[in-house]
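Asks: Let the hints inform the model, and build the full structure from the sequences given.
Protein sequences, first through last, are from chains V and D.
Its first residue numbered 1, the first sequence is counted upward by one per residue in this note's numbering.
Its first residue numbered 1, the second sequence is counted upward by one per residue in this note's numbering.
Quick caveat, the hints were computed from the structure, so don't treat them as lab data.
This structure is a prediction, so every number in the text was calculated from the model and none was measured.
Virtual Cβ for every residue (Gly too), placed ideally from N, Cα, C.
All clues stand as given, with none of them false.
Calculated lysine-lysine pairs in the DSSO-like style (CA-CA distance at most 30 Å, straight line):
no., chain 1, residue 1, chain 2, residue 2
1, D, K418, V, K164
2, V, K155, D, K220
3, V, K177, D, K441
4, V, K95, D, K418
5, V, K177, D, K418
6, V, K177, D, K220
7, V, K177, D, K436
8, V, K164, D, K383
9, V, K155, D, K423
10, D, K441, V, K164
11, D, K383, V, K155
12, D, K383, D, K441
13, D, K296, D, K383
14, V, K80, V, K95
15, V, K177, V, K155
16, V, K164, D, K296
17, D, K436, D, K359
18, D, K423, V, K95
19, D, K441, V, K182
20, D, K436, D, K423
21, V, K155, D, K418
22, V, K164, D, K423
23, D, K296, D, K436
24, D, K436, V, K155
25, D, K423, V, K182
To spell it out: a stretch of chain D is covered by chain V in this simulated footprint if at least three of its residues, at any positions, have a beta carbon under 8 Å from a beta carbon of chain V; those stretches are:
no., segment
26, 188–201
27, 425–438
Here is what each chain is made of, one letter per residue.
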Amino acid sequence: MASFDSVNYSLRPSKSVQRGLVFEGLRAISTALGLDNAVYVGFGSIWFTDFVMAHKVLSIDDMVSIETNEIGFRRAVFNKTYRTITMMHGLSQEKLPELLLIQGYVARPWIVWLDYDSALNEGVVQDFQWVLNNAPPNSICLFTFSATQNAYGDKPIHRPARIKALLGDVVPDDLSKDACSKEALPVTLAQLAMDYLKSEVADSARPGGFVEAFRIPYLDSVGMVTVGGILPAVGAVPAVRSVVSSDTWRCLTNEVIQAPQMTLKEVAALQAELPQIMQITRAHIQSLGFDLQDEQIQSFQRYYKYLPNFAEIVA
Amino acid sequence: MIPEGKSKADANPTKAFFVRMITRDITLEDCIFDLIDNSIDGAWELSGGHPMNLGDATDLSQFKISIEIQSDSFTIQDNCGGISLDDAVDYAFTFGRKEDAGTENYSIGVYGIGMKRAVFKLGADINIQSTFLDDGKRSSFCVPIRVNDWLVSENEHWDFDIETSEDLPQPGVRIFVSDLTDVAKRSFESPRFIQNLRRLISRDYALHLHRGLTIEVQGKAVLGWAIELRQGGDFSPMRATFTERIQGEDVYVELLAGMAASPPDSTEPSEDFDESLNRSGWYVVCNGRIVLAADKTATTGWGTEGWPQWHPQYSGFMGIIVFSSRRADLLPLTTTKRSVDETSAIFRQFRPKMREVTKEWINYTNTRKQVRAEAIQREEVAKSIPIFEVAPRPDVVLPRIVAVPKVPEANVLYSVPKPRMLKLASAFGNITMNYKDVGLKSFEYAYSDLVGED
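Replies: The structure is reproduced here in C-alpha cells:
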C-alpha cells in the first residue's frame with residue numbers, strides 16, 4: 001500500500017516537527033546563498049505539503065515531483081497545488097537523470113528532498129549517489145527513510161551485515177547488534193548515512209565538498225531518519241559553514257524527536273504555559289489536570305512551535 | 001672554446017621538483033604507514049631487534065602509536081623512544097639514507113625517505129617533536145617545517161632548523177601537520193577513508209598488533225586481523241623455514257600456504273562482496289610488515305610460466321611468505337612498501353616454491369568441481385587456526401579425492417527482483433542469506449510440500 005493511502009502527511013506531530021526544522025534550516029541557507037532561483041525536487045505524493053512550504057517559505061516556483069504509483073501519479077496530477085509543479089511518473093532512479101534534460105536546470109541550484117516511504121535500500125543509495133554527483137553547485141540535498149528495524153533484518157544480529165551491504169566501507173567492521181536495536185537504529189543509521197554522503201562527495205573530489213547540515217532522527221509510529229547537507233560552490237563554503245555552525249542551527253541532532261500525540265485541549269493547556277526557560281515538570285502537567293511522560297513534555301516544550309495546527313487545511 | 005664559468009650545465013634538482021616527485025607516486029595511506037613504520041622501528045629496536053619471524057615472541061604491549069585525523073590537521077604520536085638529537089642532525093632529515101648511517105636491526109625503513117615524503121604529502125605546516133633519553137636524561141627538540149618558506153629559500157640550503165621543545169609525556173615522536181594538501185583535506189573529510197585506513201592497519205600490521213602493539217585511530221585501538229589457515233582432517237597447511245646468506249648477512253624466510261576458506265560453489269560474478277575472495281592470494285611480509293596482500297597478479301607469479309592466471313575458482317587459497325633480515329635493504333621492499341621488488345634475487349629464488357604449493361591448490365579445486373559434496377564435507381572438518389600455531393611441514397596436504405559416478409545434476413538459474421529475494425531471505429530467518437541458499441531452501445520447501453519424501 002502506498003503511504004498516501006494511509007497517512008495524511010500534514011497531521012503527524014513528529015513529522016511536522018521534522019518538516020518545521022528542515023524548512024527553518026532551508027530558509028537560513030537560502031538567505032545566505034540567495035537561492036531564490038532554486039528548483040525544488042521531491043516526492044509530493046497527493047498532499048504536496050513540502051511543496052507548499054517550499055513555495056511559501058522559500059519562494060520557489062519551479063518544482064518537480066516524482067511519483068511511482070500509477071494511481072498516485074494520476075491523483076498527484078489532479079491535486080498538485082501549483083501550476084509550476086512538474087510531475088514525473090516512475091522510479092526516482094529512472095526519473096532523477098531527466099532533471100538534467102529540463103532546460104536551464106543544470107545552471108540553477110536544486111533543493112532535493114527525497115522523502116521515501118521505505119527503508120534504506122539499494123535504490124535509495126543509488127539516488128544518494130546520483131544527487132551528490134549531479135546536483136549543481138549550491139544545491140541542498142535531503143533524504144528521509146524509515147529506520148524500522150525489521151527492514152534491516154528480523155534479528156538484530158543480521159542487521160550489521162545488511163547495513164554494510166547497503167552503505168559499504170563507511171560501516172565499521174565492529175558495528176554491534178546493540179547499535180542496531182530498535183531504539184538505537186535511527187541514530188545509528190543517521191550517523192552512517194551521513195558518513196556515506198560525506199565520503200561519497202569527498203571521494204569524488206567534488207569542488208566545494210559537502211557540508212553536513214541535516215541529521216534528524218524522529219519517531220513517526222516507526223523510527224525515521226532525515227539526513228542531508230549542502231553542496232556549496234567553492235566560494236560559498238565559508239558562508240554555508242557559518243550558517244550551520246551557528247548556535248541557532250537546530251537541524252543536527254542525535255536526539256530522537258518524539259512529539260506526543262495530544263488532544264487540542266491538552267495542546268492549548270500546555271501551550272498557555274509557554275514559552276519559558278525552566279523545564280516544565282510532570283507534576284506541573286498533573287496540576288493542569290492531565291499527564292504526560294517526561295520525554296513527551298520535554299519534546300513538546302522544545303518543539304511546540306513546529307507542531308501542526310490540527311484544523312489546518314493545506315491549500 | 002667554452003667561456004670561463006660556462007663549463008658546467010646545472011643539473012641540481014630544485015626543491016619544488018624534488019617534493020613533487022617524491023610525493024607523486026605514493027598514496028596518502030602509504031605515507032601514513034611510513035610514519036607508523038618509523039614508530040615501529042623504534043619500538044622494535046628498543047625491544048632487542050630480533051629477526052621478525054612468526055615464532056618470535058617479542059612483547060610490544062608497552063608501545064602505542066596514536067593517529068588523530070581532523071578535517072584540518074593530522075597528528076601521529078608514539079612512545080617508541082624518539083629520535084635522538086644526533087640522529088636528527090645527521091640522518092633522520094636527510095633525503096635518502098647516507099652511506100655511513102648505521103643499520104637499524106630488522107627495521108622496515110630502508111631508503112631514508114619515508115618521513116619527509118609523508119609530511120610533504122600531508123601538508124605545508126609541519127612540526128616534528130621528539131623526546132629521547134640522552135644518558136638516561138630526558139631531552140627534547142622540534143623541527144618545524146613551513147614547506148612554502150622552505151621551497152622559496154635558497155636552493156643550496158636544504159637543511160631544516162632544529163629548535164628547543166617541551167618534553168612529550170614519554171620518549172617518542174609527535175608529528176603535527178596542518179595547512180593540509182588538497183588530497184589530504186579531501187581524504188580526511190571522508191569517514192570511508194578513515195574506516196578503510198583502520199582496515200589496512202589491521203591487515204598490514206597484523207603481526208605487530210599480534211605482539212601487543214597498540215595502534216589507535218581517532219582514540220580507538222585497531223584490532224589486528226587474525227590471519228588463519230584451516231587445518232584438520234585431510235588438510236594441513238605447509239610451514240617451512242629457510243635461511244639464506246646474502247652479502248654476509250642471514251635472510252630468514254618462512255613460507256606458509258594452504259586453505260583459508262572453502263572454494264566458492266559458483267565462480268559467476270556476483271555483486272555481493274565476497275570476503276574469502278577478497279582475502280585469497282599471496283601475502284609478502286618484510287621484517288614484519290605486510291607489503292603485498294592478497295595478491296593475484298603476476299607479481300607473485302600468477303599467469304607467469306607454468307602458473308595459470310588467477311581465477312575465482314582458486315578462492316580460499318592463502319599463501320604467506322615472510323622475509324626477515326637485520327639489513328632491510330636485502331629484502332624485496334619497494335620504496336612505497338606497497339609491493340615487492342620483483343627483481344630481488346631472494347624473492348625470485350623463492351617464487352618456484354610459491355608456485356609448487358599454489359599448483360597443489362589449483363589441482364585440488366579442479367578435482368573438487370567433480371565431487372563437490374564430498375569435498376565440502378571434508379573441508380568442514382578442517383578448522384581455522386592462527387598462522388602462528390601451524391605445525392612445521394614441508395608440503396601442503398590436501399585431500400586426494402577420486403571422482404565417482406553420481407546422479408546427474410540439474411543446475412537452476414533464474415532471476416527475480418532483488419527486493420522480493422530479500423523478503424524471502426528474511427522470511428527464511430536471515431536477510432543476509434546468500435541467494436543460492438534461498439533458492440535451495442525454496443526448492444526443498446516446495447519439494448517437501450508437493451513431492452513429499454523420495
